[in-house]
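Protein chains in written order, with this note's numbering: chain D, -6 to 141; chain S, -6 to 141.
No lab work stands behind these hints: they were computed from the structure.
Treat each hint with caution, since some may be false.
Which copy is meant is left open, because identical chains are indistinguishable; a pair holds if it fits in one copy or across any two.
The calculated BS3-like cross-link candidates involving lysine-lysine, where the alpha carbons are at most 25 Å apart (straight line), are [unchecked claim]:
1. K103 / K81
2. K103 / K54
3. K4 / K92
4. K54 / K91
5. K43 / K73
6. K81 / K91
Protein chains: 2
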Amino acid sequence: MTYTIKEVAAKVNLSIYTLRFYDKQGLLPFVARNAAGYREFTVGDLNLLKTICCLKNTGMKIKDIRKYIDYVMAGPASVKQRRELLLKHRQEVVAQQKKIEQNLAEVDYKINMYTAPDAEKSVSNEIALAIADKVANHLPNPYEMLQK
Amino acid sequence: MTYTIKEVAAKVNLSIYTLRFYDKQGLLPFVARNAAGYREFTVGDLNLLKTICCLKNTGMKIKDIRKYIDYVMAGPASVKQRRELLLKHRQEVVAQQKKIEQNLAEVDYKINMYTAPDAEKSVSNEIALAIADKVANHLPNPYEMLQK
DNA sequence: CCTTGCCCTAGAGTAATGTCTAGGGTTTAA
DNA sequence: TTAAACCCTAGACATTACTCTAGGGCAAGG
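Please model the entire structure based on the sequences and the hints provided.
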């Protein structure tokens, strides 16, 4: 049993356009065509495609995914290179996750401020400071319309 | 004391180009100009810019950052909207983090496979299965060059 | 047979986010 | 007072990753 591009698109939650685009980018060299030139995806193809989706979902660039697929097509001899590529990617993903976490903590700080009962007072204070900062430097006040 | 665009770029680790681009996109309406038309960043401006960077670093689109800045410029009355915007963003970030974590687990599975002492054997097996899948469906074998 | 619904390719178009160039004014320090 | 090092804008160019259109072939049911 094989799958059409439409069926595969539904299974991996990508558009048909995207699948054809990936093929054009060299990500699907393993997908066969029938006599009419239609793509026929096997179960094995679907598995590899799912791996491609994992890499894409963790933010890997198409160029690097292609490199990985090239290694896969090269057979067992490329195990070491595959491992290195994935390990490097893993490190980048973890670093990125950490960075996001840190920045999100700052956002949380703001959310807490806006959630507190005295939020409007804090914000007024913030603006007052910003305005004082402008005035002290003889600069126009961009919050002008807020002055009563 | 105020900062030039170059100094600010160094402080927040963005290029001068990007800062001007952000300004063009309406993210920096609070930055004043001197008589010559040069931007002059106050300490307060820098703080707000840092918040912009947090939002950007957590993946917020420029359009939404602008919305947030618009709220900030509207003063204390917009506290509720700011909070809602940030809370929604927070949810999206957390969901995205979770998705990445799940996909990374799949990548880790591959890394482990490639790291095991019998990695080449596993990979050979994988390919054998993929080929059998192709043959069973009367499709050409894309791993042909690997056959000895 | 013919219509409907798939499939194909090539290539144009889009969106987001910068990055850079051209042309020109400003500031600073020798 | 002039050269180096800044600053400015407008707008062209670049990159990534799709997304869609045009034009045409194939397949299955009525």
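**Q.** Identical-chain pair category, K4 with K92, by Cα at 25 Å
**A.** between (32 Å within a copy, 17 Å between copies)
Q. For K103 vs K54, is the C-alpha pair at or below 25 Å within one copy, between two copies, both, or neither?
A. between (32 Å within a copy, 18 Å between copies)
Q.
As a check of your reading, is K103 near K81 (CA-CA no more than 25 Å) within one copy, between copies, both or neither?
A. The answer is between: 13 Å across copies meets 25 Å, while 34 Å in one copy does not.
Q) Given identical chains, is K81 near K91, meaning Cα to Cα at most 25 Å, within a copy, between copies, both, or neither? A) For K81 and K91, both the intra-copy (16 Å) and inter-copy (20 Å) Cα distances are at most 25 Å.
Q.
Cα distance capped at 25 Å. Does K54 pair with K91 within a copy, between copies, both, or neither?
A. both (19 Å within a copy, 20 Å between copies)
**Q.** Intra- versus inter-subunit Cα pairing at 25 Å for K43 with K73
**A.** For K43 and K73, the Cα distance is within 25 Å only inside one copy (21 Å; across copies 42 Å).
Checked against the numbered hints above, the structure breaks none of them.
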